[in-house]
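J.: Listed here are the chains, written in short residue letters.
There are 4 protein chains.
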Amino acid sequence: MILILEKGITDDQKSNIRSTLFKEGCIVREISETGQNFIGAIGKDSLGIDFFEQLPGVEKVIPISTTFKLVNRQMHPEGTLVQVGDVLVGGERITVIAGPCAIESRDQALTIAREVRRYGAVLFRGGAFKPRSSPYSFQGLGEEGLKILAQVREETGLHVVTEITSPAYADMMMKYIDVLQIGARNMQNFELLKCVGRMGKPVILKRGLSSTIEEWLMSAEYILAEGNDKVILCERGIRTFEPYTRNTLDLSAIPVLKKLTHLPVIIDPAMPQVSAKK
Amino acid sequence: MILILEKGITDDQKSNIRSTLFKEGCIVREISETGQNFIGAIGKDSLGIDFFEQLPGVEKVIPISTTFKLVNRQMHPEGTLVQVGDVLVGGERITVIAGPCAIESRDQALTIAREVRRYGAVLFRGGAFKPRSSPYSFQGLGEEGLKILAQVREETGLHVVTEITSPAYADMMMKYIDVLQIGARNMQNFELLKCVGRMGKPVILKRGLSSTIEEWLMSAEYILAEGNDKVILCERGIRTFEPYTRNTLDLSAIPVLKKLTHLPVIIDPAMPQVSAKK
Amino acid sequence: MILILEKGITDDQKSNIRSTLFKEGCIVREISETGQNFIGAIGKDSLGIDFFEQLPGVEKVIPISTTFKLVNRQMHPEGTLVQVGDVLVGGERITVIAGPCAIESRDQALTIAREVRRYGAVLFRGGAFKPRSSPYSFQGLGEEGLKILAQVREETGLHVVTEITSPAYADMMMKYIDVLQIGARNMQNFELLKCVGRMGKPVILKRGLSSTIEEWLMSAEYILAEGNDKVILCERGIRTFEPYTRNTLDLSAIPVLKKLTHLPVIIDPAMPQVSAKK
Amino acid sequence: MILILEKGITDDQKSNIRSTLFKEGCIVREISETGQNFIGAIGKDSLGIDFFEQLPGVEKVIPISTTFKLVNRQMHPEGTLVQVGDVLVGGERITVIAGPCAIESRDQALTIAREVRRYGAVLFRGGAFKPRSSPYSFQGLGEEGLKILAQVREETGLHVVTEITSPAYADMMMKYIDVLQIGARNMQNFELLKCVGRMGKPVILKRGLSSTIEEWLMSAEYILAEGNDKVILCERGIRTFEPYTRNTLDLSAIPVLKKLTHLPVIIDPAMPQVSAKK
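Residue numbers (the numbering used here), protein chains in the order written: chain A, 1298 to 1575; chain B, 1298 to 1575; chain C, 1298 to 1575; chain D, 1298 to 1575.
Pulled out of the complex, with its shape left as it was, chain A reads as follows:
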């Protein structure tokens, strides 16, 4: 529900509304835009519009018609900016995030970090825990990789991004990392989503291989529902029948997202792999 507050609402009325909503188990968000005053409240379905409308100081109640609530653009019409150090993701400026697939050594990481910074990257990304299709592939350096990432930040000033693959690594991530990444394969690993929701750090949420836009937004909703609004959506291509390219970048998802949600959106423009002819 979006509660539109009366122009002359008093501070007491407002704090009264908030505490009533909390008591009923609602998730509450302040929404202010161009002088107007709103409150967003996500609660149990059993609380009807009537319940909200009779609260003193509420002028009107607008239900949120989509299944996703907190990520709905209505909750934050001017768009969310996610702050990482002095970098703002989501503003006018394009944020370049770059780095190697996997951290292999201190030297490799530092060399690449300095190079990508020179070309405009403002965040450094590298994998320490790699979710591999095969159990026999290199699975990443683990904590050793996280330590290298922390050193990269210290020496280059770039804040660092890495993928988290299990709640078991939360403590390590809190210690070394600035931005958490949820990979495409874990987009509906709800236990992991709840975990990064509670961690409170900025999260890059990649779109699942064949997730609809709505499922993707629902996964973001999991993170916001735990109190963490710092979510960045990353479109990285979907799976289609076409064998020439590994993924099909869903470019038209961007304007759809801009309309549906207030969260910032980035793209993973990994080069299409032109496979050899079969």
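Keep in mind that the hints were calculated from the coordinates and are not lab data. The reader is advised that the hints may include incorrect statements.
Said to hold, decoys possible - Some chain A residues flagged as far from chain C (calculated, every beta-carbon gap over 12 Å):
#1 THR1317
#2 ARG1326
#3 VAL1379
#4 ARG1411
#5 PRO1428
#6 SER1434
#7 GLN1436
#8 LYS1472
#9 TYR1473
#10 THR1509
#11 ASP1565
Said to hold, decoys possible - If the Cβ cut is set under 10 Å, some of the chain C residues that face chain B in the computed set are:
#12 LYS1341
#13 THR1462
#14 ARG1536
Claimed, not checked - Straight-line C-alpha distance at most 20 Å; calculated SDA-like pairs for lysine to any residue:
#15 A:LYS1427 - D:LYS1555
#16 B:LYS1341 - C:GLN1436
#17 C:LYS1341 - B:SER1431
#18 A:LYS1491 - D:ARG1429
#19 A:LYS1427 - A:CYS1398
#20 A:LYS1556 - B:ARG1543
#21 B:LYS1491 - C:SER1430
#22 C:LYS1491 - B:PRO1428
#23 A:LYS1491 - D:SER1431
#24 D:LYS1341 - A:TYR1433
#25 D:LYS1427 - A:GLU1488
#26 B:LYS1341 - C:PRO1428
#27 A:LYS1341 - A:PRO1360
#28 B:LYS1555 - A:PRO1566
#29 D:LYS1341 - A:GLN1436
#30 D:LYS1556 - C:ARG1543
#31 B:LYS1556 - A:PRO1540
#32 A:LYS1491 - D:ALA1465
#33 B:LYS1341 - B:THR1363
#34 B:LYS1341 - C:SER1431
#35 D:LYS1491 - A:TYR1433
#36 B:LYS1341 - C:SER1434
#37 D:LYS1491 - A:GLY1439
#38 B:LYS1341 - C:ARG1543
#39 C:LYS1341 - B:PRO1428
#40 D:LYS1555 - C:ARG1543
Note that the Cβ used here is the ideal one computed from N, Cα and C, for glycine as well.
Mind docking chains B, C and D on chain A? Use the hints.
T.: Only chains B, C and D this time, still in chain A's reference frame:
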């Protein structure tokens, strides 16, 4: 096969090679690039490399490894330009083609044509024969629509594009239209492809709803094999699981095509239809 | 619209309804089931329910809510049987249709026909006009192949099925063939659909590579709208991301079709091609 | 690698081979079929064929050419049977596993369990931890649900299956549950796969929404690589463009799997949801 000719080849030898190839039923194309001399020959599989190599004046023979031959970039490395009046499709300049889905009246067509010309369109497109999913939908004005298109050309100077849906309309199209369009649903209507191949007019070949890049190129090959090289490929989005947008524009198909074929590529950037939530 | 007729309707009233509907350009079908009397009428949208309800003898009018009308199960609740010689397609008995991909010679065709008849096939299928992805592949024997099919019928008693790829071949097909097949690639070749609709012979309509069930039914509707109700739907697998099998047989489409349409449904159980590991 | 052992191999030689392989970090499996003696060894790529061939008692070495090794049918040509109590999954008999989507109460679970047992179910399935698209949907009874499942086993004799959504629930699952289920959304949650691999209990591994057969087998490989061979593959339909049915059961995956792997395969025949017309 690509035949690389000897530096000192005589005109007699060259014309000898050509007539031998014709006699064997080969399709022959001259390829010249930066001073070098090649001949492209598409023939029966029964003609081995040996047959071509022993022809006097041939230095070396390179087989074309892809299933598509005439559209292969090797056959025309610098890229094909398709000329429509004084418009060149495929050069440095972006070609804007615009117009209504269906021609409804002379007034409608002329009004839109003048407007789109004002905004940079150099070709005018409108449907006279509409391939509709339902037999009960408006099927277009037919020949009446073609006449209106011819009038638009006369009054605005814009050359005109329309969809051909059956070989039965070939004569009418020859009379009124400058560029033929093959719609996505007819991309593998091979009888129609052969027909437009023989007509010789420029053809815009739209990608089938779920056609692979290779199948698309093979359909273009049908047109070129009939002697018509004036084919423009039009990427218009593929069918995926995503319900929010009608099609998913396959942006990464463009660099793949640029690598594989010499034909010009355009995009149908029809706005993604954001459907109402289900 | 489904018109439910009054119990005591007179023959005059009934013939009056029919001629009024014809005059308004409606397509009319008699529907009789368990003693009850209905008329199905597909007409212009401009004719509202009121128009039909005020016709003398009409008790009630039920609109058909789907975009497909004539193929809707409401129009023929007990299911259509398509008769080919003494074979009924659509009844309790499974109809086995078999034969080679392409007719190559009289010997080949006859040998295979006798063999498949021995194993229970009641219709013989073979291609004379082959829609090939490549213009350089064998395109079928053409009319020669049709003549062989007619000989097979004469010598084995099996009625014969073959694919029609263009209205240009309609006359030949009328002369030699019992059942026409529309291939997957031509499922939305509407000019061809109208043509087989007018030919009146039984038609096997294969599902397009990536056609929805609704698009498929709309293509059948094209044939029925021309007056030919003898349509057999053939599920042959859809295109998905899976590279191991060429098509994914959409088994669950069968119960959906059985609910939506009165047309008989067959399956093309071509063996999944297990491709070599990439 | 598959090591074919010499006919006259001694017990000492055999135990020598095993200990050498262990020392080199290989995963080792005994394979015996119709009197012949094999050893399967999955090791580092750096160990070439030569290394294995020179071991005393080894006659011949056959590399496993697929990326999946332990699940490859070559490793267990006669097929794996997974034992759950006195139920064998994978033999000639069809195993019926049934139960409610979510456990809601003791009464509900027991009533359904008795009913499905009456109709031939031999394992009872019910969800205690539900992975829901929306954070606001009922997430299952949690441990309370597991306790109810244990009671169902006690009172009906049916062994029980439930989904595990996080390694955090491993201890609880060990206490109450007979068969673990990995849901489609977690098919590439590799940390969870490793966890159930170490738990050693039978695992039903559902195919991901848009996973290729190869990716699915690689996920099973993760479980076997941890020492747990009791994996049952469950085909449950893949995501396609078709909107009428929620999933498209990939029937042709079954023969493909039967060829590629020794693991038993089951199907989740959840009824296609015929959605209301859009």
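J.: Would you mind marking each hint as holding or not holding in the structure?
T.: So, going through the hints one by one against the coordinates:
1. THR1317: About 45 Å separates A:THR1317 from the closest Cβ of chain C, which puts it past 12 Å; holds.
2. ARG1326: holds, 38 Å
3. VAL1379: holds, 32 Å
4. ARG1411: Answer for A:ARG1411: holds, closest chain C Cβ roughly 37 Å.
5. PRO1428: holds, 19 Å
6. SER1434: At about 17 Å from chain C, A:SER1434 clears the 12 Å cut-off, so the statement holds.
7. GLN1436: Holds, because the least Cβ-Cβ distance between A:GLN1436 and chain C comes to about 23 Å, which exceeds 12 Å.
8. LYS1472: Holds, because the least Cβ-Cβ distance between A:LYS1472 and chain C comes to about 39 Å, which exceeds 12 Å.
9. TYR1473: holds, 36 Å
10. THR1509: holds, 15 Å
11. ASP1565: holds, 19 Å
12. LYS1341: C:LYS1341 check passes; min Cβ-Cβ to chain B is 8 Å, inside 10 Å.
13. THR1462: The hint holds - C:THR1462 has a Cβ within 10 Å of chain B, the shortest such distance being about 6 Å.
14. ARG1536: holds, 5 Å
15. A:LYS1427 - D:LYS1555: Violated. A:LYS1427 to D:LYS1555 sits at ~30 Å, over the 20 Å cutoff.
16. B:LYS1341 - C:GLN1436: Status holds; Cα separation ~14 Å.
17. C:LYS1341 - B:SER1431: Within the cut-off at roughly 13 Å; holds.
18. A:LYS1491 - D:ARG1429: holds, 12 Å
19. A:LYS1427 - A:CYS1398: holds, 9 Å
20. A:LYS1556 - B:ARG1543: Within the cut-off at roughly 16 Å; holds.
21. B:LYS1491 - C:SER1430: Distance of about 12 Å is within 20 Å: holds.
22. C:LYS1491 - B:PRO1428: The given pair, whose Cα atoms are some 12 Å apart, holds under the 20 Å limit.
23. A:LYS1491 - D:SER1431: holds, 12 Å
24. D:LYS1341 - A:TYR1433: Holds, because 8 Å separates the two Cα atoms, which is no more than 20 Å.
25. D:LYS1427 - A:GLU1488: holds, 11 Å
26. B:LYS1341 - C:PRO1428: holds, 19 Å
27. A:LYS1341 - A:PRO1360: holds, 13 Å
28. B:LYS1555 - A:PRO1566: Within the cut-off at roughly 18 Å; holds.
29. D:LYS1341 - A:GLN1436: holds, 14 Å
30. D:LYS1556 - C:ARG1543: holds, 16 Å
31. B:LYS1556 - A:PRO1540: It holds: about 16 Å lies between the C-alpha atoms, which stays within 20 Å.
32. A:LYS1491 - D:ALA1465: holds, 13 Å
33. B:LYS1341 - B:THR1363: holds, 15 Å
34. B:LYS1341 - C:SER1431: It holds: about 13 Å lies between the C-alpha atoms, which stays within 20 Å.
35. D:LYS1491 - A:TYR1433: holds, 12 Å
36. B:LYS1341 - C:SER1434: holds, 10 Å
37. D:LYS1491 - A:GLY1439: Holds. D:LYS1491 to A:GLY1439 sits at ~16 Å (cutoff 20 Å).
38. B:LYS1341 - C:ARG1543: violated, 27 Å
39. C:LYS1341 - B:PRO1428: holds, 19 Å
40. D:LYS1555 - C:ARG1543: holds, 17 Å
Hints 15, 38, counting from the list given before, are not met by this structure.
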